[in-house]
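Protein chains: 4
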Amino acid sequence: MSLDLYREVVERIRAKNAQLILNVTTGPGGRFVPSDEDPKVAGPGTTLVPPEKRVEHIAVLRPDICTLDLNTMNSGKQVVINTPGNVRRMAKVINDAGVKPEIELFDSGDIALMNDLLKDGTLRGPILASFVMGVRYGFQPSPETILYARSLLPSDAEFTAIGIGRTAFHAVALSYLSGGHVRVGLEDAVYIAHGRLAPSNAAMVEKARRIVEDLGGQIATSREARDIIGLPSRLTNAKPAALAANQ
Amino acid sequence: MSLDLYREVVERIRAKNAQLILNVTTGPGGRFVPSDEDPKVAGPGTTLVPPEKRVEHIAVLRPDICTLDLNTMNSGKQVVINTPGNVRRMAKVINDAGVKPEIELFDSGDIALMNDLLKDGTLRGPILASFVMGVRYGFQPSPETILYARSLLPSDAEFTAIGIGRTAFHAVALSYLSGGHVRVGLEDAVYIAHGRLAPSNAAMVEKARRIVEDLGGQIATSREARDIIGLPSRLTNAKPAALAANQ
Amino acid sequence: MSLDLYREVVERIRAKNAQLILNVTTGPGGRFVPSDEDPKVAGPGTTLVPPEKRVEHIAVLRPDICTLDLNTMNSGKQVVINTPGNVRRMAKVINDAGVKPEIELFDSGDIALMNDLLKDGTLRGPILASFVMGVRYGFQPSPETILYARSLLPSDAEFTAIGIGRTAFHAVALSYLSGGHVRVGLEDAVYIAHGRLAPSNAAMVEKARRIVEDLGGQIATSREARDIIGLPSRLTNAKPAALAANQ
Amino acid sequence: MSLDLYREVVERIRAKNAQLILNVTTGPGGRFVPSDEDPKVAGPGTTLVPPEKRVEHIAVLRPDICTLDLNTMNSGKQVVINTPGNVRRMAKVINDAGVKPEIELFDSGDIALMNDLLKDGTLRGPILASFVMGVRYGFQPSPETILYARSLLPSDAEFTAIGIGRTAFHAVALSYLSGGHVRVGLEDAVYIAHGRLAPSNAAMVEKARRIVEDLGGQIATSREARDIIGLPSRLTNAKPAALAANQ
Chain A
35 MSLDLYREVV ERIRAKNAQL ILNVTTGPGG RFVPSDEDPK VAGPGTTLVP PEKRVEHIAV
95 LRPDICTLDL NTMNSGKQVV INTPGNVRRM AKVINDAGVK PEIELFDSGD IALMNDLLKD
155 GTLRGPILAS FVMGVRYGFQ PSPETILYAR SLLPSDAEFT AIGIGRTAFH AVALSYLSGG
215 HVRVGLEDAV YIAHGRLAPS NAAMVEKARR IVEDLGGQIA TSREARDIIG LPSRLTNAKP
275 AALAANQ
Chain B
35 MSLDLYREVV ERIRAKNAQL ILNVTTGPGG RFVPSDEDPK VAGPGTTLVP PEKRVEHIAV
95 LRPDICTLDL NTMNSGKQVV INTPGNVRRM AKVINDAGVK PEIELFDSGD IALMNDLLKD
155 GTLRGPILAS FVMGVRYGFQ PSPETILYAR SLLPSDAEFT AIGIGRTAFH AVALSYLSGG
215 HVRVGLEDAV YIAHGRLAPS NAAMVEKARR IVEDLGGQIA TSREARDIIG LPSRLTNAKP
275 AALAANQ
Chain C
35 MSLDLYREVV ERIRAKNAQL ILNVTTGPGG RFVPSDEDPK VAGPGTTLVP PEKRVEHIAV
95 LRPDICTLDL NTMNSGKQVV INTPGNVRRM AKVINDAGVK PEIELFDSGD IALMNDLLKD
155 GTLRGPILAS FVMGVRYGFQ PSPETILYAR SLLPSDAEFT AIGIGRTAFH AVALSYLSGG
215 HVRVGLEDAV YIAHGRLAPS NAAMVEKARR IVEDLGGQIA TSREARDIIG LPSRLTNAKP
275 AALAANQ
Chain D
35 MSLDLYREVV ERIRAKNAQL ILNVTTGPGG RFVPSDEDPK VAGPGTTLVP PEKRVEHIAV
95 LRPDICTLDL NTMNSGKQVV INTPGNVRRM AKVINDAGVK PEIELFDSGD IALMNDLLKD
155 GTLRGPILAS FVMGVRYGFQ PSPETILYAR SLLPSDAEFT AIGIGRTAFH AVALSYLSGG
215 HVRVGLEDAV YIAHGRLAPS NAAMVEKARR IVEDLGGQIA TSREARDIIG LPSRLTNAKP
275 AALAANQ
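Chains as they are written, first to last, in the numbering used here: chain A, 35 to 281; chain B, 35 to 281; chain C, 35 to 281; chain D, 35 to 281.
So that you can see chain A by itself, here it is in the shape it has in the complex (with noise of 0.2 Å):
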């Protein structure tokens, strides 16, 4: 979480390649760990902080997009706690730095969350939401997920679904084909088939456009991109772009 380290990446990857799309997270801050003996006290592994604290960093580099959970769950032996006040002042924050949040859905009950945030006006459509498939224990990765969460979204939204572990290809397929984009990188897996650990970002990148281009599909330049979800294009540095891998 240290604005250093976020400036560092965000300044080298602008310095590359200014079109990219910029997805910076702002998920670490929100784990709780119950104590054993008394879990109303937090444990080692804790490090839920104040809201304001998590988003700081989007604050000072306004990338394009950053990320907004809106799930309060069990991930593995961790509690994650984004409670709806604490969802409102960090959207707040992204708000007034003009960054596009990527809603992050990782149960069916964030998607309600969002929807009530839409219609009190904390988000703004259009909306692009990301279902997140196979965490322990959330949403776990099938075509039956993606349609169910689909019919649960706004009918302007742009969504993508992901998957977690040895399914993130599998999401890339389903993904594309029920009408949503597509989404690999280190965050998400670390395998790139059966065994074998994926060499780069970039394999992996590579690999997601092999299968949406064998289904008959187009990968977006950033420009293109910057057109479908809504954000402004950058001024200098207009080389074509591949995916915008998250980081």
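A portion of the hints provided could be inaccurate.
Each pair may be met inside one copy or between any two copies, as identical chains are not told apart.
Claimed, not checked - The calculated lysine-lysine pairs, modelled on DSS-like cross-linking and capped at a C-alpha distance of 30 Å, are:
1. 153 <-> 74
2. 153 <-> 111
3. 241 <-> 126
4. 87 <-> 111
Worth flagging that the hints you see were computed from the coordinates, not collected in a lab.
Chain A is fixed; fit chains B, C and D onto it per the hints.
Coordinates of chains B, C and D only, in the frame set by chain A:
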């Protein structure tokens, strides 16, 4: 959570009808309210206690069934926390007491947890499961939700879809027509129809019964329900009974 | 298919209640029974006539609505044939008469045909569609069938899911709870409950009304139904009326 | 439908590879084209012949598998007629020849017929079924169609979802990811990618194989496929083989 009050309720019902299936809650004691200034510190409204404390009355009173909530989620402005570890500790007490758990599922990830608990032997099938629909923020009530949730169950599970609030009777019809059981009562809804407070649990059960019968179904007696769920028959007072009212 | 009989029914109903919505069938005249020895030769039971003949009474009597079946299918041991070309010829007569077609859909392919007929201008939206469930061999009744069929409709369509035979009242509840209208009557089912013959259409409508009202719904008056479907109000005899009974 | 041509194809393939699974069509001979002036009289284009004639080559050549179409439907401007009675007559010849039928399902009603044929003993499980998606007017290709159709199958059935035309490779990915097998070939589609004619069946199989392997799947050898489907192994020439190409 007073043992004396639980005991009084159980004994007064048992005195009237020993055959009725008693399903006693273990829900209280699971809430965490992050304080505004430092979310990792429990604020007012927090009820979180060690898991063994939450099932103390089950070990003593040994009802036919008790609830076992698998949710960690936002529940209004509060957070409900049921970690896999703490659920295992509660399940141990319930199993040792010879009580059948009714697994309460508030979103799809809870079903993934249930399936993991079946695999590691914490729970034993056939499962008795409930889909709780309408809590903000978990499953929302719809035919899609029931079909999706049902698709995640083991094939030998018995299930009931429950609607909280104004969809309580929608859930009765949809659950029955999707192959499930039905449940109504003042824990879930206080209106029996738009704008009309329910006079009693009995009135709600009568209405649920009419809906099921209009759809060609039949209400099981307590004995038949005991067979379906796999509960032993009780020795005395075997009067026919209607739906097991949930309190 | 006698015009005189159609006329007598229409006039006697109109004389009692001009506001009631009349929906007259165009189903007869579409059956082909292949002969055993040479299946391309029509055998006994064949009723197939030129399409204009099947809608002659519509041009003359101009009811509010008439059915338009889009199915080519096995229907018991007979074959129902409605080719795209012949459906277009029937639709022309219906459109010229200013009558609203109720599009009867017996399987998913019929919805694909409906969508093609909307594209080429044969039909004009918003569509009034029915899913007929339970004919052997078309759609079979279930919540899945209604949700799947609904997913194939244009977003502005009005629909009713209909259950043939013992699922007639299942379909009432499921159609209403899936956002559709309801229909019952002696064309679709002769039993009002398991083993009990329906005494009348009116008794079936009363039961359907009770189910809808128990689920929190309201039955439209004829006037309201005319607004929903996009039919003109009629000038006289504007008594309130219940469901449009299908004959 | 010439026996000599069927025989030549079968023998030339057998001479090269006895282990390859041969699936021979019984589709021809089922079309009825109503004449414009009198639809009950067969017009030009009609091919309908007695059912025994349509399976004559199966009785003689005894391939591993032959198709059995359960559809009565519009197919473009023509009508395909497969009545339950005639399907039973075809199934008898196929069963007597010891050939495994591949049940071709063009819409949901065909699955209801299949289930009735299983109940009356005409067909014996486990079924080998195909969902044919994309014929106008039957199943249209989508993830929803596959999940809906799959929900109607017996639990021990093996299935393949097939896409006709431009969705041939969508169907490969969706069928595999829904638990089914895959099929491609020049019977179903002539383009291997947008605007590019397929050079051969082999090229299409290679592309299907790449898609399946990118998704983490494996292509069965002929021997493994024989085990999966329940076909006997053949005695000679047991070279490894790829997908059973459908011709």
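Here is how each hint holds up against the structure:
no.	hint	in the structure
1	153 <-> 74	between (32 Å within a copy, 29 Å between copies)
2	153 <-> 111	between (33 Å within a copy, 17 Å between copies)
3	241 <-> 126	neither (37 Å within a copy, 46 Å between copies)
4	87 <-> 111	both (24 Å within a copy, 20 Å between copies)
Of the hints listed earlier, the one the structure fails to meet is number 3.
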